[in-house]
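**Q** Residues per chain are reported as follows:
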Amino acid sequence: MDAFVVALQAVWSDSGFTAFTMGNAIMMLVGIILLYMAIGKGFEPLLLTPIAFGCILANFPKTGFETDPGVMQVILYGIHHEIFPPLIFLGVGAMTDFGPLIANPKTLLLGAAAQAGVFVALIGAMLLGFTVQEAGAIGIIGGADGPTAIYLAVKLAPNLLGAIAVAAYSYMSLVPLIQPPIMHLFTTKKEREVVMEQLRPVSKFEKLVFPVAVTIVVSLLLPPVTALMGMLMLGNLFRESGVTDRLSDTSQNALINIVTIFLATGTGLTMKAESFLTYQTILIICLGLVAFAAGTVAGVLFGKIMYIATGGKVNPLIGSAGVSAVPMAARVSQVVGQKANPSNFLLMHAMGPNVAGVIGTAVAAGTMLAMLK
Amino acid sequence: MDAFVVALQAVWSDSGFTAFTMGNAIMMLVGIILLYMAIGKGFEPLLLTPIAFGCILANFPKTGFETDPGVMQVILYGIHHEIFPPLIFLGVGAMTDFGPLIANPKTLLLGAAAQAGVFVALIGAMLLGFTVQEAGAIGIIGGADGPTAIYLAVKLAPNLLGAIAVAAYSYMSLVPLIQPPIMHLFTTKKEREVVMEQLRPVSKFEKLVFPVAVTIVVSLLLPPVTALMGMLMLGNLFRESGVTDRLSDTSQNALINIVTIFLATGTGLTMKAESFLTYQTILIICLGLVAFAAGTVAGVLFGKIMYIATGGKVNPLIGSAGVSAVPMAARVSQVVGQKANPSNFLLMHAMGPNVAGVIGTAVAAGTMLAMLK
Amino acid sequence: MDAFVVALQAVWSDSGFTAFTMGNAIMMLVGIILLYMAIGKGFEPLLLTPIAFGCILANFPKTGFETDPGVMQVILYGIHHEIFPPLIFLGVGAMTDFGPLIANPKTLLLGAAAQAGVFVALIGAMLLGFTVQEAGAIGIIGGADGPTAIYLAVKLAPNLLGAIAVAAYSYMSLVPLIQPPIMHLFTTKKEREVVMEQLRPVSKFEKLVFPVAVTIVVSLLLPPVTALMGMLMLGNLFRESGVTDRLSDTSQNALINIVTIFLATGTGLTMKAESFLTYQTILIICLGLVAFAAGTVAGVLFGKIMYIATGGKVNPLIGSAGVSAVPMAARVSQVVGQKANPSNFLLMHAMGPNVAGVIGTAVAAGTMLAMLK
Amino acid sequence: MGQPITTNPWLIALINMSVVFGVLGALGLVIGAIRMIDPTQKKTAKVESKVEAPATAPVAAVAVQSNDDVIAVIAAAIASYGYSFSQIACIRRVSGGEGWAQAARVEAVTVRNQMF
Amino acid sequence: MGQPITTNPWLIALINMSVVFGVLGALGLVIGAIRMIDPTQKKTAKVESKVEAPATAPVAAVAVQSNDDVIAVIAAAIASYGYSFSQIACIRRVSGGEGWAQAARVEAVTVRNQMF
Amino acid sequence: MGQPITTNPWLIALINMSVVFGVLGALGLVIGAIRMIDPTQKKTAKVESKVEAPATAPVAAVAVQSNDDVIAVIAAAIASYGYSFSQIACIRRVSGGEGWAQAARVEAVTVRNQMF
Ligand code: NA
Ligand code: NA
Ligand code: NA
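Chains as they are written, first to last, in the working numbering: chain A, 1 to 373; chain B, 1 to 373; chain C, 1 to 373; chain D, 1 to 116; chain E, 1 to 116; chain F, 1 to 116.
One chain only, chain A, in its complex shape (with noise of 0.2 Å):
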């Protein structure tokens, strides 16, 4: 009986009990809140519900994940060497019809724009004492677009993955609520009320041409980013081309979803207790709201420089558009644009902008690395 005793000791102290700390009960509960807003509040399940599990996960203690050899290690192993990103992007890129960028280049300049969130929020970060590669990191929140934000902040801040990771893909699904009223604050009824004239249509050859004129250019310039434009571009290749369909299909479907399992996942993992619960991820999530707001505000700005130098044919609710979070932005913009002329259809167009900005936050992803590396 004794040795019986002991035996079950033996085993409660090499239990995770034993070292289980207050911070990883918080986390736990982090996960848990982070499961009910993507299950319960429909917030980007795709991407949060495996995060928050992975957060979960992170915070058992003595499960080894980091030191020994599995499947988790292998996982962390594609989190911290940029493995996932690229391949997450080949299906989004499969994904992503660029017709309407392409019959309208000039809402290129309003996904231009909308990264003004990116810096406003890296220099708020500076200002607040962040390191600036952690500013740069923490500023790509305002790119709305969660694959260059955790490409960009493993390779530049990779203690502050988790927390850029969790408010990347927060905000972007509060789009809908955080948009509106700063575009009605910048606009005025007359201006939300313009009606766009219907685009041109695009040839396949300049649909063709577009991924491979736009790789060339981006690669040359940032190669940093090559790895990423070219996943993305390489993917729309693989839709327009109309002969890739079976590589298409993969990309946009089995591959994509594997991917981002383990991206996820992977991502929750690094959300350990005592890298994740500090004050920092605070600042982080305030900063990523400014980011939100400030992209949001320069997009609509950009939109009514447009307005008025065009004479009134561009709506400027297409500019918030441009921070990305593709499609919910260019929705938000049709829907604030109806309901100010309920003959108004804004979505085709505010697709430019959208699209727009997701190469615009690669582009300025690329000029950190180059610039803070």
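Please keep in mind that the hints were generated in silico from the structure rather than gathered at the bench.
Be a bit skeptical, because a hint or two may be false.
Taking lysine-lysine pairs in the PhoX-like style, the calculated list, with each CA pair at most 20 Å apart, reads [said to hold, decoys possible]: (1) K106/B to K339/B; (2) K339/B to K190/B; (3) K189/B to K339/B; (4) K339/B to K313/B; (5) K41/B to K207/C; (6) K62/A to K304/B; (7) K190/C to K313/C; (8) K207/B to K41/A; (9) K313/C to K339/C; (10) K313/C to K189/C; (11) K41/C to K204/A; (12) K373/A to K207/C; (13) K313/A to K189/A; (14) K189/C to K207/A; (15) K207/C to K106/C; (16) K304/B to K189/B; (17) K304/A to K272/A; (18) K339/C to K190/C; (19) K304/A to K189/A; (20) K304/C to K189/C; (21) K62/B to K373/C; (22) K207/B to K106/B; (23) K204/C to K41/B; (24) K313/B to K190/B; (25) K204/B to K41/A.
To spell it out: a stretch of chain A is covered by chain C in this simulated footprint if at least three of its residues, at any positions, have a beta carbon under 8 Å from a beta carbon of chain C; those stretches are [claimed, not checked]: (26) 79-88; (27) 206-218; (28) 234-245; (29) 357-371.
Which residues of chain D face chain B? A few of them, derived with a C-beta cut under 7 Å, are [what the hints assert, rightly or not]: (30) Q3; (31) I5; (32) A13; (33) N16; (34) S18; (35) V19; (36) F21; (37) L24; (38) G28; (39) M36; (40) D38.
Note that the Cβ used here is the ideal one computed from N, Cα and C, for glycine as well.
We have chain A; now place chains B, C, D, E and F with the ligands onto it with these hints.
**A** Frame of chain A, contents of chains B, C, D, E and F with the ligands only:
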């Protein structure tokens, strides 16, 4: 002409024929017999077909699978570092409905009781001279859960992996032959005729909280099985959330199929003549049968206890389903029950102990890892 | 303002423009031409599209694909360690019906005869100054089997991988242009008009034993191609077993598509200007054409021998299908045969030598590895 | 870790069975606790029992009189509802007034494919 | 690399915004250039405008009078054409003679799933 | 290994062709052996020739009189059997009494997709 003969001889001497042993020949015969069982007899063909083919491949001399880089070395890496079983469990979780277990949590005890087979085999193995680690790995065959058996075998006794995997999957597919006589032996006709009450409906809330709660309880107590239980429950969360269908679909189709090919082929690759053709293998095959039978007996006997304790409301036949072997063991309960009483539908009631057995086996594996490693 | 200019110059000097060479520009043009061939002309688009895009990506300076960890390094690892070709063959095996070959095993000899192209190119390459290993890798282009060509090139002459892969896939898609004139030149109208006897039905037993038997014979004799032949035949077993449809489906869809993306993009990534823009590449392109033509000639001539030996029962046109290039070469036999005699249906008869050519090329590759490595 | 805590097989078995019963028993309590805190429980109990049964009914339980022709007709009708035949566990005669209750009991087992 | 070029946040922001506007502006010029060299442009402009509009029409634009019953009927009709409801952006009243033009404008957004 | 056995290209070619013919010839013998030991061969030969031909018949061989309308009707009929058009190799006139024989000969080639 001389040069021709010399060169031809050189090709011959580099061929596998010169190093081919009687053991290799026997193992190929074993592989062919396993193929016949898998394809001709339908014994777990999804696993045994690639295991058998891997066994044949492993016994060609001079392939360099273990020493030269290549796809086989990648697969073997995944085997030797337990990368595949948790990914299999991700898909299994996405396929599993824990509803019947949640509706009738008492059946958890049946899933616990059936683990007795694990320890009967463990005791037997130690009496037969196996080390304590080997005995633990052999015992887990009685858990009737392939991925858990492979996970534990790799950690405790990698040299026995092939024999343990083959025994586990073979007996799992033999459940419809092994269990019915035992079930008849230990139950009376009156007990077998018991019609159980309809299960209560289970709310979505319960189905969502269950995987998270189980993960927390089991992982805190038994850190060594966190990867296994975590992935099982993450997959189940994908299934039940209602907002992550993409991830659930991929987990239970493309991902689990790819990983199954690698896991099973890789398991076969470990079945080299020198490690498989031993006296131990025969003992393991015998001990596996003992483990299955003992688990069934324990499950049925505990079912009888519940029959008595509930005043005849529980049909003891559902106890045998506690060995896992999802869903065959539950179907056996259904079939045997319906033979005794044609209006008896035990299937859903037997699913409770059946899925409980999966958790029970993982817990048993975790305890053994905590104690023996 | 000064600081601004200085920093901007720093960004510029870190860009790819400063290190961009004329060679890089030419290779991008090569990539664009390959894209045009793939998408505009439909030449093996599933392979040539990602190869071409990878070629473009490889020629951006300073991307660090080969030195920094990341997705491209993972892909290149898979290329340099022959991980992808066997997985492609797993899917190919699941897509291949060996029935026509089993029904008429004499066509195996046509699949053997067509390998003559491999050795004509090998001899030519050595006469032109290539090393014996390089000549072997170049010769295999004549095998008209992409994965085998890549497998052998990586093992014998990794520096020539890009040129060999491009030549192999280009000529494979040019088979309908290359073969018909040769087939007309070496056959009489009377021979082309031969209507062949209907193939006997093949039993499931034969289809199941065939892949196992071929694996054993080939792998024992030529251990270096066990990974390739084993995976091909494992995939075929998944297809024919009737009880592993899940694995067969995944092998020929999700898995092969994912691996194709990696294999082809990775092959393109090896096409850097410094290794591709050489006099050797031009020689390889020429030798590849010679190899294809010689293989076709040898196949047709051996067909004529069989025509004579069988007293006119074999149509020599099916001999050209022995070069592989499944199923294009078989279709060419069908089309040329039907032009000579509208009631002539050679397709199924030509599938025999066609799939035999796949095995023949793998055997040739294995022999070269045994002799040259 | 490294060293086994004990090598006595009987002790290992005893401790293990204790842990297994302990943990699975604890999970039983957890399930009870989940049910108690379930904010949706009240309405669920009523709504689901009304809604779910009819939902599964047309698939699982269809009144048949052991007549092959009738089964064929039903099969066609069910197929037109979008169910593949593999999803149908059985078609059987429904006696008396306990139709829905039995329907739920026979509920097609989609629980886990036959894989592991 | 290794060393940051500068750590002045204002300078970083300024340079970055310059680069972003510069690159995206350059891409705008590239798009214009692609259009100019497009050998298919002439015929495309005519053919597509005629062909594509009717193709999308039955999905996107159906005359409705703000009547739920009618919407249900239309939904069923559309479904029978093989379109899933998620592909339908909206069903709305079409006024006047500009039907096709508007139809193209509302074009169902299949652009990227709601994933990232 | 390490060292090439020979660097004489003619010798390499000769040995290789010998091995290729040798191995593929051996495989031919193996196929013959498989057929000889095939326990299912006897009945197969009879049953399959009766069963398989009709099975493929409705797809591959349908009597047509080079009439587009008739082809359309047939296409619809075939489609209703659940075959996609890509699975149909050809629709052609069947002359004389050798219908089934030819049907088997034209058998839709599902052999390997057009991938590698
Ligand atoms: Na953005
Ligand atoms: Na079990
Ligand atoms: Na070949």
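**Q** Keeping to a limit of 20 Å between CA atoms, is the pair of K189/C and K207/A held or broken?
**A** 48 Å, violated
**Q** How about G28/D: closest beta carbon in chain B under 7 Å, or not?
**A** 4 Å, holds
**Q** Measure nothing beyond the straight line between the CA atoms of K41/C and K204/A; if it is 20 Å or shorter, mark the hint as holding.
**A** 15 Å, holds
**Q** Take the shortest C-beta to C-beta distance between N16/D and chain B; is it under 7 Å?
**A** 5 Å, holds
**Q** Between K190/C and K313/C, is the straight-line Cα distance small enough, at 20 Å or below?
**A** Status holds; Cα separation ~12 Å.
**Q** Is it true that the CA of K304/A sits at most 20 Å from the CA of K189/A?
**A** 12 Å, holds
**Q** Does K272/A sit within 20 Å of K304/A, going by the straight-line distance between their CA atoms?
**A** 44 Å, violated
**Q** Taking 7 Å as the limit, does the beta-carbon of Q3/D come near enough to a beta-carbon in chain B?
**A** 9 Å, violated
**Q** Decide if the proposed pair is consistent with the structure: K62/B and K373/C, CA atoms, cutoff 20 Å inclusive.
**A** 14 Å, holds
**Q** Does K339/C sit within 20 Å of K313/C, going by the straight-line distance between their CA atoms?
**A** 18 Å, holds
**Q** Check the hint pairing K204/C with K41/B against an upper bound of 20 Å on the C-alpha distance.
**A** 14 Å, holds
**Q** K304/C and K189/C: Cα distance at most 20 Å?
**A** 12 Å, holds
Violated hints, in rising order: 1, 6, 12, 14, 17, 30, 34, 39; the structure is consistent with all others.
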